[in-house]
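Chemist: Given these sequences and hints, build the entire structure.
Here is how the chains run, residue by residue.
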Amino acid sequence: MTSTTAVMPETQVVRSLSTAIRQTIALARRSTLELFRQPALVVPSLIFPLFFSFLGNSTFGKTTSLPGFPQVNSYLQFQLAGTITQGVLFGSVTGAAALATDIENGFFDRLLASPTSRTSILFGRLAGSTLFGALETAIFILVLLPFGADVAAGVPGIIAMTISGALIALAVGALMASVALKTGSSEAVQGTFPLLFILLFFSSAFFPRETMSGIYRTIAGLNPISHLVEGLRALSLEGFTASATARAILVPLAIAIFALLVAQTQLRARLRAN
Amino acid sequence: MSNSPIIAENLVRHFGDVHAVKGINLEVKAGEVFGFLGPNGAGKSTAVRMLTTLLRPTSGTARVAGFDVVKQADQVRRSIGVALQDAAIDPLMTGAELLALQAVLYGIPASVLKKRSDELLERVGLTAAASRRVSTYSGGMRRRLDLALSLIHQPTVLFLDEPTTGLDPMSRLTLWEEVRRLNREGTTVMLTTQYLEEADQLADRIAIIDHGKIVREGKPADLKASVGAPTLIIKTNIDQTEKAKSVLSTFGDLRPGAEGALGVGLIGGAALVTEVVRKLDEAGVHVAHLEINEPSLDDVFAEATGYRLEGADNAPSAGDNGDNGDEKPKKKSRRGRK
Chain A
1 MTSTTAVMPE TQVVRSLSTA IRQTIALARR STLELFRQPA LVVPSLIFPL FFSFLGNSTF
61 GKTTSLPGFP QVNSYLQFQL AGTITQGVLF GSVTGAAALA TDIENGFFDR LLASPTSRTS
121 ILFGRLAGST LFGALETAIF ILVLLPFGAD VAAGVPGIIA MTISGALIAL AVGALMASVA
181 LKTGSSEAVQ GTFPLLFILL FFSSAFFPRE TMSGIYRTIA GLNPISHLVE GLRALSLEGF
241 TASATARAIL VPLAIAIFAL LVAQTQLRAR LRAN
Chain B
1 MSNSPIIAEN LVRHFGDVHA VKGINLEVKA GEVFGFLGPN GAGKSTAVRM LTTLLRPTSG
61 TARVAGFDVV KQADQVRRSI GVALQDAAID PLMTGAELLA LQAVLYGIPA SVLKKRSDEL
121 LERVGLTAAA SRRVSTYSGG MRRRLDLALS LIHQPTVLFL DEPTTGLDPM SRLTLWEEVR
181 RLNREGTTVM LTTQYLEEAD QLADRIAIID HGKIVREGKP ADLKASVGAP TLIIKTNIDQ
241 TEKAKSVLST FGDLRPGAEG ALGVGLIGGA ALVTEVVRKL DEAGVHVAHL EINEPSLDDV
301 FAEATGYRLE GADNAPSAGD NGDNGDEKPK KKSRRGRK
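Chains as they are written, first to last, in the numbering used here: chain A, 1 to 274; chain B, 1 to 338.
Don't read these hints as lab results, they were simulated from the structure.
Any given hint could be a false lead.
[Claimed, not checked] Cβ-Cβ distance ranges computed for the label pairs, FRET-style:
1. 139/B <-> 271/A: 26 to 32 Å
2. 25/A <-> 139/B: 46 to 52 Å
3. 188/A <-> 30/B: 27 to 33 Å
4. 245/B <-> 271/A: 51 to 57 Å
5. 156/A <-> 110/B: 35 to 41 Å
6. 118/B <-> 156/A: 45 to 51 Å
7. 22/A <-> 128/B: 28 to 34 Å
8. 25/A <-> 30/B: 34 to 40 Å
9. 133/B <-> 48/A: 34 to 40 Å
10. 43/A <-> 136/B: 21 to 27 Å
11. 238/B <-> 38/A: 53 to 59 Å
12. 17/A <-> 30/B: 32 to 38 Å
13. 22/A <-> 71/B: 21 to 27 Å
14. 22/A <-> 115/B: 16 to 22 Å
As the structure is a computational prediction, the values presented were derived from the model and not from experiment.
For every residue, glycine included, the Cβ atom is placed at its ideal position computed from N, Cα and C.
Modeler: As structure tokens, then:
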């Protein structure tokens with residue numbers, strides 16, 4: 001009898017976990033399908049970063065010889081990390097806006113009225129953004145590679161960059177999801193877009209911090225986007241070293257964990273408000 | 001303790017200063033279709049959201065399918081089917097994909113999913129449209145898909161929140177037939193509606209809710225019988241209203257009429273109509289329109305609330321979401337609603 005009562009809760013935990021994983025996968029599939037069925041949302045987050053990349057290469061190509069600029073084969077090689085971060089940032093806004101739309105149109109209530117694990121609702125949505133982040137990263141590398149955006153870390157580096165891109169998508173997606181859960185408004189989520197753009201320009205996405213001066217340099221140093229970009233850039237420029245890989249993976253991972261905690265808190269707050 | 005599938009005791013919900021639901025008590029018996037009738041802003045949806053675990057009651061208790069809606073919310077969710085007011089269905093997904101998603105969310109094994117999904121699609125007449133995206137569906141098709149989604153786990157208690165609002169008459173009839181069929185098969189149905197005819201046609205018992213309170217409850221036939229006399233409705237010039245009221249009041253209790261009409265419950269029955277017309281004529285009242293109605297749910301509603309549901313402004317107000325629960329619906333005409 002004792003052994004039965006001891007085993008039952010464990011079985012239930014395993015069953016609940018397995019159900020939650022199935023639910024998360026099903027919701028992730030939905031968010032991914034939804035994303036790819038809206039090319040008008042997906043294409044700009046691929047096209048614009050590539051456009052900026054080529055524009056930057058032709059405009060700032062000669063800046064690579066400035067003092068403080070790292071040793072690169074081309075500006076594109078330096079810019080690759082910024083392009084990836086830019087694309088992933090904008091793609092993540094789209095995913096979070098979709099969560100807000102679910103809240104607005106009542107699909108979120110449909111999920112809440114079902115026995116779906118509340119964490120699965122959040123993670124299912126973020127999994128779609130994360131997968132899209134990985135895909136965007138791979139696309140940017142493959143498109144820019146023939147134009148001089150070499151990845152010094154080779155194939156292992158490309159894989160690590162793809163993982164890093166996915167983690168950046170998860171981190172930004174979770175932060176944007178917090179905005180969606182807090183406001184329940186897709187307009188509010190879309191409203192963060194200019195803010196992200198400003199943050200991107202006040203980071204080391206387009207120029208190394210070493211070439212900056214004054215307040216701009218201070219802001220770029222404090223800006224988390226600089227650290228996300230520089231992790232990716234380390235793989236692109238330094239090669240597949242332990243330090244580069246750690247920076248590329250651990251920085252976005254730490255931000256993602258923090259962002260997930262914020263998003264979970266916002267989810268609980270929204271559920272409590274009901 | 002009663003084993004009825006839906007029991008609410010003194011259920012209250014406040015949103016700040018707004019008292020959307022002010023202590024409702026109800027018991028829905030197994031196998032019943034229970035109609036929750038009231039205008040927008042009356043508190044119907046707020047009550048249903050509490051019963052379906054989407055809102056926590058401010059006070060009071062409710063048990064659904066034998067489980068407490070607060071303490072055993074997860075068990076309640078597993079036991080009930082819910083089709084909410086807005087038929088929130090992802091337009092980018094196909095009907096079949098949404099059914100598959102819903103099945104996973106309710107923990108239905110993949111081995112039975114295909115069979116059940118096919119059965120439900122056939123049942124609601126969407127087999128041919130199953131692989132089409134929901135964005136291509138008509139309003140009626142969306143509602144039917146919503147119903148199919150709410151049935152994927154074969155619930156014994158089904159909540160339908162205004163299931164036919166905005167539908168054309170044919171789609172409404174199709175949905176009514178499906179509700180009757182489900183009920184014949186043993187499903188207990190709680191249906192909120194603002195349509196008198198819908199409540200009359202479908203519900204075994206109804207509760208009329210107004211400003212967060214249940215003001216009448218019973219079988220439609222019993223409620224109509226309780227009103228008693230048929231209602232004579234007349235329309236006259238506005239400057240003759242007081243004179244007409246004075247004549248009508250000698251034949252029975254004055255009752256509210258829609259769109260500025262005057263009503264009187266004819267205690268002596270319909271046979272008195274000629275007498276009423278003669279008296280009005282003698283008093284110099286010009287009658288522009290006259291009709292006699294057997295007691296209807298609208299009469300029951302009017303008697304209970306002091307205004308008519310048919311004439312009430314049922315344009316969406318925030319009250320159903322709890323923002324305007326105390327505000328009296330405006331007595332504005334809305335022709336051809338029913």
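Chemist: Now tell me, hint by hint, if it's right for this structure.
Modeler: Results for each hint:
{"no.": "1", "hint": "139/B <-> 271/A: 26 to 32 Å", "verdict": "holds, 30 Å"}
{"no.": "2", "hint": "25/A <-> 139/B: 46 to 52 Å", "verdict": "violated, 31 Å"}
{"no.": "3", "hint": "188/A <-> 30/B: 27 to 33 Å", "verdict": "violated, 45 Å"}
{"no.": "4", "hint": "245/B <-> 271/A: 51 to 57 Å", "verdict": "holds, 53 Å"}
{"no.": "5", "hint": "156/A <-> 110/B: 35 to 41 Å", "verdict": "holds, 37 Å"}
{"no.": "6", "hint": "118/B <-> 156/A: 45 to 51 Å", "verdict": "holds, 47 Å"}
{"no.": "7", "hint": "22/A <-> 128/B: 28 to 34 Å", "verdict": "holds, 29 Å"}
{"no.": "8", "hint": "25/A <-> 30/B: 34 to 40 Å", "verdict": "holds, 36 Å"}
{"no.": "9", "hint": "133/B <-> 48/A: 34 to 40 Å", "verdict": "violated, 27 Å"}
{"no.": "10", "hint": "43/A <-> 136/B: 21 to 27 Å", "verdict": "holds, 22 Å"}
{"no.": "11", "hint": "238/B <-> 38/A: 53 to 59 Å", "verdict": "holds, 56 Å"}
{"no.": "12", "hint": "17/A <-> 30/B: 32 to 38 Å", "verdict": "holds, 34 Å"}
{"no.": "13", "hint": "22/A <-> 71/B: 21 to 27 Å", "verdict": "holds, 26 Å"}
{"no.": "14", "hint": "22/A <-> 115/B: 16 to 22 Å", "verdict": "holds, 19 Å"}
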